[in-house]
Amino acid sequence: MTYKKRYDGRNFTESREIEAKAGVIKRADGSAYFRIGNTVAYAAVYGPRELHPKFMQNPERGILRCSYNMMPFSGQGERVRPGQNRRAREIAMVTEKALLPVLNLENYPNAVVDVFIELPQTDAGSRCAGICAASIALADAGIEMKDLVGAVSVGRVDDKVLVDLDYSEEAHEEGGTADIPIALIPSTGEMTLLQMDGEITKEQLINALNMAKDAILKINIEQKNALKNKFEVVNDE
Amino acid sequence: MSKDSKTNLIRYLSEEKRFDGRKLDEFRQIEIEYNVSKTAEGSARVKVGETEVIAGIKLEMGKPFPDTPDEGALMVGTELLPLSSPDFEAGPPGIEAIEMARVVDRGLRESKAIDNKKLCVKKGEKVWIISVDICTINNQGNLLDVCGLAAIAALKVAKFPGFDGERVDYKTHTDEPVPLLKIPIPVTVFKLSGKYFVDPTSEEEQEYDSRLTVTTIEDGTICALQKGGDAPITVEDVDNMVSIALRKANEIRKSL
Chain A
268 MTYKKRYDGR NFTESREIEA KAGVIKRADG SAYFRIGNTV AYAAVYGPRE LHPKFMQNPE
328 RGILRCSYNM MPFSGQGERV RPGQNRRARE IAMVTEKALL PVLNLENYPN AVVDVFIELP
388 QTDAGSRCAG ICAASIALAD AGIEMKDLVG AVSVGRVDDK VLVDLDYSEE AHEEGGTADI
448 PIALIPSTGE MTLLQMDGEI TKEQLINALN MAKDAILKIN IEQKNALKNK FEVVNDE
Chain B
4 MSKDSKTNLI RYLSEEKRFD GRKLDEFRQI EIEYNVSKTA EGSARVKVGE TEVIAGIKLE
64 MGKPFPDTPD EGALMVGTEL LPLSSPDFEA GPPGIEAIEM ARVVDRGLRE SKAIDNKKLC
124 VKKGEKVWII SVDICTINNQ GNLLDVCGLA AIAALKVAKF PGFDGERVDY KTHTDEPVPL
184 LKIPIPVTVF KLSGKYFVDP TSEEEQEYDS RLTVTTIEDG TICALQKGGD APITVEDVDN
244 MVSIALRKAN EIRKSL
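If you're matching them up, the sequences are chains A and B in order.
Residue 354 in my numbering sits at position 87 of the first sequence, with consecutive numbering throughout.
Residue 114 in my numbering sits at position 111 of the second sequence, with consecutive numbering throughout.
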């Protein structure tokens, strides 16, 4: 039996419903809320601010420092123990690499731009949701950027290549799966995050990457709208 | 806080005023939204003014403590997330977070808010363990009171997940609520230069002489106390502070 219809009835090229808001955390210099289906990410940006310890400072440019954290009640199963595990640290690292190519940090020597990503609820695709939120938050903080990085996971479930897998699809048993989180710079089409878990053929992979590009262009519109909406509200006051 | 703003705050308090126009014993607007995290067995977002926290409940099957073989257990954790304030740093919980979690925990435990015997599935072997985790989203002051309110709000709507006698099925939620018997509410009363005030903003809470957190339940019973700050307090202070806390707790309880 092949995977004919998605569990939640979406088209194979369709992402889950997206909700994006900028400026949701007042204490932060920039912030965002990004929801895709049942995966929710908050991102807050603090900085550019002085970097401690001092030996980590770079006199040529500012440093980007990301953290990724699942709230203890945000997992699909048992409580997630608080604190940074190996998975969270790896995701923080690839998130930094996904965002860095669009940032111009040369004007902030010896400083750090901190990005904190927090997830209150997850249903797969959390690192991509975190990157989408972080991008909006960085722009909200007024950090000089070439573009807004967008991200989504694509992959394979049984014989179908599809966009934005949820948890039930990742856990699909028959025929196997592949999960490919991707981040992309919309204006150039270049990828800044590419990972994969699972098994896939080369043809399916290329097909999946092209599908990711289309999906991310749509996500990018939502990211821009979030920023526009925030500044419209300011104008009303 | 600079010396100037401390002097300013003292002057305002002496004229019975706050920086934001509130009365000394007035809370900011309270907003509660329930079930904000679908992965939790119960959750709530509480906003008090611009301070915002999310509390989530997870229920797990565990072994009872040897001295209470027919009772479940409760754990409270607070995460002062670096996302919520420029003053919070990443890493293991600091003393501030530990104090908050312990004071919230004491309020729930000592008021016997949870019917622990109802958490027992098989005596001496299987009991439900309730984890209350409170995560800060935006810190604009008075986190302890807001965390305490969020904890009780999340518990109020928490439902048991499915359990077949062997395994917990987190995908199914039963209609059975967590056995919540009481509604303990912590209220912290601050004292600066002889004046009492509640629900401080981040700016106002940087300098105070003393504070007293008073957790009370519906019938007025006090179930937890915590004094903080460097200055000592008198019996008269306690009398005044407990009166304020009781009055405020009754108001706050209505927002649940």
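Simulated from the structure, these hints should not be mistaken for lab results.
Please note that a few of the clues may not be correct.
[Stated by the list, open to error] No more than 30 Å apart at the CA atoms, straight line, and that leaves these computed lysine-lysine pairs for DSSO-like: (1) B:Lys129 with A:Lys293; (2) A:Lys288 with B:Lys174; (3) B:Lys50 with A:Lys495; (4) A:Lys293 with B:Lys6; (5) B:Lys50 with A:Lys491; (6) B:Lys174 with A:Lys293; (7) B:Lys159 with A:Lys288; (8) B:Lys6 with A:Lys321; (9) B:Lys174 with A:Lys427; (10) B:Lys159 with A:Lys293; (11) B:Lys41 with A:Lys497; (12) B:Lys26 with A:Lys272; (13) B:Lys41 with A:Lys288; (14) A:Lys293 with B:Lys26; (15) A:Lys293 with B:Lys194; (16) A:Lys272 with B:Lys198; (17) B:Lys41 with A:Lys495; (18) B:Lys20 with A:Lys293; (19) B:Lys20 with A:Lys485; (20) A:Lys272 with B:Lys125; (21) A:Lys497 with B:Lys50; (22) A:Lys288 with B:Lys198; (23) B:Lys198 with A:Lys293; (24) B:Lys41 with A:Lys427; (25) A:Lys271 with B:Lys174; (26) A:Lys293 with B:Lys41.
[Said to hold, decoys possible] Computed far set for chain B versus chain A, every beta-carbon distance over 10 Å: (27) Glu53; (28) Ile57; (29) Glu63.
C-beta: ideal position from N, C-alpha, C; glycine also.
Evaluated hints:
1. B:Lys129 with A:Lys293: 44 Å, violated
2. A:Lys288 with B:Lys174: 29 Å, holds
3. B:Lys50 with A:Lys495: 25 Å, holds
4. A:Lys293 with B:Lys6: 25 Å, holds
5. B:Lys50 with A:Lys491: Holds, at roughly 27 Å.
6. B:Lys174 with A:Lys293: Measuring from Cα to Cα gives roughly 34 Å; hence the hint is violated.
7. B:Lys159 with A:Lys288: 29 Å, holds
8. B:Lys6 with A:Lys321: Roughly 29 Å separates the two Cα atoms, so the pair holds.
9. B:Lys174 with A:Lys427: Given pair Lys174 (chain B), Lys427 (chain A) holds - Cα atoms ~25 Å apart, limit 30 Å.
10. B:Lys159 with A:Lys293: Given pair Lys159 (chain B), Lys293 (chain A) holds - Cα atoms ~28 Å apart, limit 30 Å.
11. B:Lys41 with A:Lys497: 27 Å, holds
12. B:Lys26 with A:Lys272: Roughly 60 Å separates the two Cα atoms, so the pair is violated.
13. B:Lys41 with A:Lys288: 19 Å, holds
14. A:Lys293 with B:Lys26: 23 Å, holds
15. A:Lys293 with B:Lys194: It holds: about 27 Å lies between the C-alpha atoms, which stays within 30 Å.
16. A:Lys272 with B:Lys198: Distance ~66 Å between Lys272 (chain A) and Lys198 (chain B) Cα, so the pair is violated.
17. B:Lys41 with A:Lys495: Within the cut-off at roughly 29 Å; holds.
18. B:Lys20 with A:Lys293: Given that 30 Å is the threshold and the Cα spacing comes to 24 Å, the pair holds.
19. B:Lys20 with A:Lys485: Violated, at about 50 Å.
20. A:Lys272 with B:Lys125: 42 Å, violated
21. A:Lys497 with B:Lys50: 20 Å, holds
22. A:Lys288 with B:Lys198: Violated, at roughly 40 Å.
23. B:Lys198 with A:Lys293: 29 Å, holds
24. B:Lys41 with A:Lys427: It holds: about 28 Å lies between the C-alpha atoms, which stays within 30 Å.
25. A:Lys271 with B:Lys174: OK: Lys271 (chain A) and Lys174 (chain B) at ~23 Å, within 30 Å.
26. A:Lys293 with B:Lys41: At roughly 25 Å apart (the allowed maximum being 30 Å), Lys41 (chain B) and Lys293 (chain A) satisfy the hint.
27. Glu53: 5 Å, violated
28. Ile57: 5 Å, violated
29. Glu63: 6 Å, violated
The earlier numbered hints that this structure contradicts are 1, 6, 12, 16, 19, 20, 22, 27, 28 and 29.
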